[in-house]
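The chain contents come next:
Number of protein chains: 2
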Amino acid sequence: MENKNQSVGIVRTEFYTIDEKIQFECGVNFGPITVAYETYGQLNETKDNAILIVHALTGDAHAAGYHSESDKKPGWWDTMIGPDKAFDTNKYYVICSNILGGCSGTTGPSSINPETNEPYGTSFPVFTIEDTVKVQKKLIDFLGVKGIYTVAGGSMGGMQAMQFVISFPSMVKSAVLIATTSRLSPQAIAFNAVGRNSIISDPNWNNGNYYNKENKPDRGLSNARMIGHITYLCEEAMYNKFGRRLQNKNHYDFNFDIDFQVESYLQHQGQIFVDRFDANSYLYITKAVDYFDLEEKYGSLQNAFKNSNAKYLIISFDSDWLFPSSQSKEIVNTLMQLGKDVSYCEIKSPCGHDAFLLEYDVQSKIIKSFLNEHIEGNYYE
Amino acid sequence: MENKNQSVGIVRTEFYTIDEKIQFECGVNFGPITVAYETYGQLNETKDNAILIVHALTGDAHAAGYHSESDKKPGWWDTMIGPDKAFDTNKYYVICSNILGGCSGTTGPSSINPETNEPYGTSFPVFTIEDTVKVQKKLIDFLGVKGIYTVAGGSMGGMQAMQFVISFPSMVKSAVLIATTSRLSPQAIAFNAVGRNSIISDPNWNNGNYYNKENKPDRGLSNARMIGHITYLCEEAMYNKFGRRLQNKNHYDFNFDIDFQVESYLQHQGQIFVDRFDANSYLYITKAVDYFDLEEKYGSLQNAFKNSNAKYLIISFDSDWLFPSSQSKEIVNTLMQLGKDVSYCEIKSPCGHDAFLLEYDVQSKIIKSFLNEHIEGNYYE
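If you read the sequences in order, they're chains F and R. Residue numbers are given in the numbering used here: position 271 of the first sequence equals residue 268, and the series is strictly consecutive. Residue numbers are given in the numbering used here: position 27 of the second sequence equals residue 24, and the series is strictly consecutive.
Careful, some of the hints might be misleading.
No distinction is drawn between identical chains; accordingly, a pair holds when it is met within one copy or between any pair of copies.
Stated by the list, open to error - Lysine-lysine pairs mimicking DSS-like chemistry, simulated, CA-CA at most 30 Å apart:
no., residue 1, residue 2
1, K246, K294
2, K326, K345
3, K238, K326
4, K18, K135
5, K246, K303
6, K345, K362
7, K294, K238
8, K69, K365
9, K365, K143
10, K246, K18
11, K134, K365
12, K134, K337
What the hints contain is simulated information worked out from the structure, not anything from laboratory work.
Working from the sequences, and respecting the hints, build out all of it.
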C-alpha cells in the first residue's frame, strides 16, 4: 500500500438496494436493484460537496484505495482520487458505483431474479445510459447528497456524466468529460457488434444461460476483449509497447501458436478478463453504449444541453481513434454556441483511448485547476 | 456480361501441377502443388510481355472476364484488366493464379494429401510470401514466359509483387505496388491474430479437421471476416455508407438482434464469406502476411531492393489506415535512396483500404501512363 497521506486508505464496497421499481427506456418497470458503491471523503454540512465518478465499460465501484492492508492493487482511478489528488478527498465527498447491468455487485444479468431464484440471463431488460443514471440518482438521494460538485468520467463514464447533467440539471455544478462522445461512430458500433457476435457465437453462451453450467462462453468473451483492446490502444502505443518483437523467441515458429508480443499481450488480456467479467454484462453494457445518441434522443445536441447550468471541462487525447478529439470538439462547440461555461483541452499522448486511465499527471493538473479555481472561485456567486 | 469490346470475354480457370517438390522457408520440402490460374491476352514472340497479377487475402485466379455467357459477376479486378484497360490485354499477356494455401483451386489445407487421401488440414506446412512467389515462378516458367513486363497487386498482392521482384530481379521490368507495406504494423498483426483466434476458438474448427464433418467453423470464420472488413473500410466510408442508420426499423429493438445498418452489413459479409472461403486457408494466409517483413528478412529495406532493376509505381490511399500511406512512403524513400526509378501517387479516396478494388478510374489512368509511356518508352533502351 502506498503512503497513506496520498491514499484514501482501506475502503469497503457498500451495497444499497433500491426499494421501488425503476421505469426503463425499453418500457420495462424493473426492480429490485442493488447498487454496489464506495465513498471517499466526507459529505459537508450543506451536502453539496459530492463528486460522482462514473466508470467506463468494464470498471467497478472500487475507484480508489485498497480493500485490505495486504491489497496490492488500488482502485482503478486511484491515481486521480485521494488527499490532494485531482479529485481531492480532503475537500470532496467522492462516490463511485458499479453500473447497472454490471457484474461487480450491482444488479445485472448474472444476478439472481428473486421471482425465479435463477440468474436473469437474457431475461434482464436491455437498458440505456439514461437508465444507468436514474439508478445513480437513487444512490445519491439515499446518501443524502443535495448537490453534485462535479460528475466525472472517461469513455462510457463521460456518457453517463453528460446524461446525468442533462437528466438532473439543477443538481450539478460541473462536469468533467474525458475521452468521450455524444454518440458512437459507425466504426465503434462495428467493433462492439463484432465483440458481441463473438460472445453470441460461442456455443457455451447458450442464449445467456450458462451460469449453472461447467463451461462458460470464455472464448467468445476473451475474443471480444481482444478486439476491444486493439481499439483502446493506438498505432503509436502498439509500436512503442510491442513493435514487431517476437514473444520469447528469435525466429518464427511456423505454427499457429503465438509468435508476436502483441499477440501474447492480447491473449493475456482476453484470458484475465474472463475471470473478472460476465459475458452477458458485456453484451448489455456495449448495447447501452451503442444506443447512446444525444442528437437522436433530444433532436439535437443543442437541445440536449440547453437546460444545463453546469460548467464543463472536456478533455480528449490526440491519439484516441475510438472516441477521437473531433467528437469532443463537437460537444465543446455546441456548449459554446449555447453560451455555456466550457473549458477544453486536447492532451498530446501516445496512449490512445486508454490515456484517460494512464495520463493522470497532466489530467490531474487540469482537473485540479478547473475544480479548485474555476468552479470553487465561482461557487458562491 | 458487359460489352465484349471492353472485356476479356469468357475465360476458364486452368490448372498446372508442379512435378518437383518446393523447399519452403519453414524447412519442409513440399509437393505436389497444383496451381489454379487464368491468362488473358497473348504471349508475344519474345515472350516478355507478361503481366503477373497477384491477388489479396481472399482473392482467386479469376481476375477478369466471365466464366460463362450467363455469368453476371466478372473477375475480381475486371475493371482493371481487359482490352484498353489499365492492364491492356491487347498488348500484354496477363496471368493471375490462386495463391499457395488458398481454397480456389491451388493446393492448400483443404486439398487432399495424396499420401493419406485425407485433406491436409493443419498438417499443411506454414508457408511465407516468398514460398508463394516460388510457386508463381514455376507457373511462369511452365507458361514459357521469359520476361515479366510488370508484376502488380494490391494489399497482400503488393507484398507478393515486391517479393517477386526481389527473388527474381533479372526477370522483372516493373512493379505496381498498391496499398501495400513492407511489413505489417503491430496493429495489423493484432487484427489478424484476433481473426485467427476467432477461428481457432470455434469448437467446430476441431484442430483443423472439419472437412468431413457436418459442422464447419463458420461462426469463427465469419467473425474473422467481420473484423477484417472493419479494417478494409475507414471511418469516412462507414459514415458515408451507414452512418448510425437503423436496419429496417425506426426505433431500437432493445434486444441483441441487429439494430444498425453497419451491423447488418458486417454480418452479411461474414455469412457470404463462409460459402467461398476455407477457415484453414484464412489461418495460413494471414500468418504468411504477418510473417512478411522485408526489413527483418534482408537486414534492411535497402538491402531487400538493392539488386532489383525494376521501375516502380507505388500507389496508396489517404484513407487507408490498415496499410497507411506512411508505409508506402517508406518504400518510396528507400527506392529513391537506392537511385531506383520510382513513381509514387497518394490517391485521395473515401474508401479506405478497399480503394484498391474500388477506385479503378483514377488507378487506371496512373497505371496506363506508367506502363504505356514510362516503361514502354524506355523498354528498348
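- prompt: Which hint numbers doesn't this structure obey?
  reply: Going through the list in order, the structure violates no hint and respects every one.
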